[in-house]
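From first to last, the protein sequence lines are chains P and B.
Residue numbers for the first sequence follow numbering that gives the first Met the number 0, so the first one is 0 and each next one is one higher.
Residue numbers for the second sequence follow numbering that gives the first Met the number 0, so the first one is 0 and each next one is one higher.
You may find that some hints are simply not true.
[Unchecked claim] In silico contact screen, one side only, chain P against chain B (beta carbon under 8 Å); selected entries: (1) 175; (2) 202; (3) 255; (4) 258; (5) 260; (6) 277.
Everything labelled a hint here was simulated from the structure, so no lab data went into it.
For glycine and all other residues, C-beta sits at the position ideal for the given N, C-alpha and C.
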Amino acid sequence: MPILIEGLEHVYMAGTPRQVTAITGIDLMIADGEFIGLIGPTGSGKSTLVQHLNGLLRPTRGRVLVDGVDLGGPKADLRSVRQKVGLVFQYPEHQLFEETVFDDVAFGPRNLGLPESEVRKRVERALEIVGLSPGAIGRRSPFALSGGQTRRVAIAGVLAMEPKVLVLDEPAAGLDPRGRNEILGHVLDLHRQHGLTVVLVSHNLEEVARLAQRLVVMAGGRIVLSGTPREVFSQGDVLGQVGLGMPAIPRLMAELRRRGKDVRADALTVEEATSEIVRYWHRDANRVRAHA
Amino acid sequence: MTEPFITLERVTYSYNPGQEAELLALDGVDLCIGSGEFIAIIGPNGSGKSTLAKHLNALLIPTQGVVRVSGMDTREPGNLWEVRRSVGMVFQNPDNQLVATVVEEDVAFGPENLGVPPSEIRVRVAQALRLVGMGEHALRAPHLLSGGQKQRVAIAGVLAMKPRCLVLDEATAMLDPSGRDEVLATARRLNREEGLTVVHITHFMEEAAGADRVVVMDRGRIFLEGSPREVFRQVRKLERLGLEVPSMVALAGRLRAEGLPVPDDLLFVEEMVEFLCPS
Ligand SMILES: Nc1ncnc2c1ncn2[C@@H]1O[C@H](COP(=O)(O)OP(=O)(O)OP(=O)(O)O)[C@@H](O)[C@H]1O
Ligand SMILES: Nc1ncnc2c1ncn2[C@@H]1O[C@H](COP(=O)(O)OP(=O)(O)OP(=O)(O)O)[C@@H](O)[C@H]1O
Ligand SMILES: [Mg+2]
Ligand SMILES: [Mg+2]
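All chains should be modelled from the sequences, with the hints used to inform the complete structure.
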C-alpha cells in the first residue's frame with residue numbers, strides 16, 4: 000500500500016482571524032513496506048500531516064493517494080482506508096471510549112464484522128503484545144488506568160485491526176523503557192516479517208534512528224530534510240537550527256572528533272560508540288608504548 | 000538534608016476501596032522531601048508515581064498514613080486551600096492545561112481563583128512570565144505556541160500562585176529535545192534561585208540524572224532511592240524493573256568491560272569527554 004502525498008497544505012480555522020497554516024508544500028512518497036521516522040520540533044506539523052494518511056483531516060490543498068486512490072476523491076471509501084491504515088493518536092485518551100479495556104480493543108475488530116471468537120483472539124493477542132494481561136486489565140475501565148497503561152490500550156486497539164500501514168504518533172510518550180522497547184520491537188518484527196509499512200512520529204531521536212530506514216525532518220510546516228538516519232545525523236547543524244539537538248551518543252562522537260580523536264561521526268548506538276572508542280583507545284595506547 | 004517540606008508516613012492508597020475493583024496503588028510509602036530539593040521519581044508504568052504526586056497537593060488523601068505539607072495534615076479540610084496553594088502541578092498534555100485565549104489571561108487564572116486582588120495579579124503574572132522566559136509572549140494566543148512554550152506558560156500559571164513546590168508529572172513527555180531542555184532548565188533555575196522545591200516524574204533517565212535525588216517506585220513502594228550516581232550504578236536492579244540507565248552509564252559499562260578504566264559513577268557526556276580527553 001504505497002502512499003503518495005502531493006502538494007499537501009492544511010489550514011486550520013481557514014477564513015477566521017485565528018487561521019493557522021499548519022503544513023504546506025508537502026511532497027512525500029511512502030513506499031510499500033517502508034519504515035519512516037517523522038521528526039521535527041513541536042508545532043512543526045507532524046500530527047497534522049499524519050492525520051491525512053487515513054482521511055481524518057482533509058487537505059486544504061493538494062492530495063493524498065493511498066494505494067492509488069485519492070482520499071479526497073469520489074471513489075474513496077474512508078471506512079476501508081481506516082481499516083488498512085491504523086493510526087495511534089498522540090493523545091491516547093482521544094481514542095478510548097468503551098466501558099472496559101476489552102471492549103475498547105475489540106471495537107475495531109467487531110466493526111470489521113469478525114466472528115466473536117476471532118475478535119477475542121485478536122484482543123487477547125494485542126493486549127499481550129502491549130504487556131497488559133487480558134484477565135487482570137481487560138475488565139477494567141480504560142479511564143481508570145495509569146498514563147502508560149492508557150497508551151498501551153490505545154496501541155492494542157489499533158494492532159487488533161491488523162492494519163497494512165501503521166501510523167504511530169508519539170507512541171512511546173509515557174511508556175516505561177521496557178514497554179517502549181518491547182512494543183516498538185514488536186512493530187519492527189511486523190515490519191520485517193510481514194512487510195508492515197510504518198510511519199513513526201517521535202521526539203526520541205535515538206529511537207527513530209535505531210528503527211527507521213528513512214527519516215523525514217519537518218520544521219515550520221515543511222519537510223526540511225530527508226535521508227537515512229546516518230545522513231540526517233551527520234547534519235547536526237540543521238537539527239540544531241530547527242531546535243532538535245543531538246542525542247547523547249552523536250553529541251559525544253562530535254565532541255571527540257572536535258578534540259582530534261579519530262572516531263566515526265555517524266555512530267548512533269551505544270554499541271557503535273563502544274567499538275569506535277575502544278579502537279582508538281588501544282591504538283593510542285600502542286602509540287604511547289612505541290614512544291616509550 | 001534541609002528542613003523537611005513534605006513528609007509521607009506509611010502512606011497507603013487504594014482506588015475503589017471495599018469494592019470488587021479495589022486496587023492498592025500505594026503500599027506504605029515513607030518519603031521526606033526537603034525544602035529546596037530537586038527530586039526525580041522514576042518507575043515502571045502503573046507503579047504509583049502519579050498517585051503519589053496527587054497526594055502532594057491533596058488531590059488524593061491517603062487511605063492510611065499521613066501526608067504533611069509544611070506541617071499541614073492533608074486530611075484536614077481546613078488545610079486544603081493552603082496545601083493547594085503551596086504545591087502546584089503540571090501534567091503531560093500541554094493543550095489540556097491552557098484555558099484562556101491570551102497567555103497572560105491564562106497565567107492570571109490561578110491567582111484569580113485564589114482571590115488575589117487585580118493589581119497584585121498583574122504584578123504576579125508579569126513576574127511569573129519573566130521567570131519562565133515568556134515575558135515577550137504575554138499577549139500571544141497559547142494555541143500558537145510550541146509545546147515547550149506551552150509547558151512554560153503552564154508552569155508560569157502555577158508560579159503565579161506562589162507555590163513552594165512544583166510537581167511535574169511527565170510534563171516533558173510530549174516535548175521535543177529543546178523544549179525538554181527549556182522546561183527542565185527553567186525548573187532548575189527556579190530551584191536554585193528561588194529555592195523552589197521540584198518533584199519531577201519522568202521516564203527519561205537522562206533527565207533523572209540531573210536531579211539531587213532519585214526515587215525509584217515499583218508496585219506502590221519505594222524500591223530504591225539515593226543520589227543519581229548511587230541509583231544509576233545499580234544497573235542490574237534497574238534492568239530487573241524494566242528501567243534503563245542514561246546512555247553514558249551504559250556506554251561506560253561497556254567500555255569498562257573492554258578494559259578501559261572508566262569511573263563507575265559517570266553520568267554525563269561532558270564527564271565522558273573529560274575522561275577520554277583529559278584537559
Ligand atoms: N485543531 C487545531 N486548531 C488550530 N490549530 C491547530 C490545531 N492543531 C494544530 N494546530 C496548529 O498547527 C500547527 C501544527 O501542529 P501539529 O499538532 O501538527 O504539530 P506537531 O508537529 O504534531 O507538534 P507536537 O510535536 O507538539 O505534537 C501548530 O502551530 C498548531 O498550533
Ligand atoms: N482512577 C483510577 N482508578 C482505578 N485505578 C487507578 C486509577 N488511576 C490509576 N489506577 C491504578 O493505580 C496504579 C498506579 O497508577 P499510577 O497512575 O499512579 O501509576 P504511574 O506510576 O503514574 O504510571 P505511568 O508511568 O503509567 O504514568 C495502576 O495500577 C493503575 O492502573
Ligand atoms: Mg503532534
Ligand atoms: Mg503517571
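Each hint tested on the structure:
| no. | hint | result |
| --- | --- | --- |
| 1 | 175 | 4 Å, holds |
| 2 | 202 | 5 Å, holds |
| 3 | 255 | 6 Å, holds |
| 4 | 258 | 5 Å, holds |
| 5 | 260 | 7 Å, holds |
| 6 | 277 | 5 Å, holds |
In this structure, none of the earlier numbered hints is contradicted; all agree with it.
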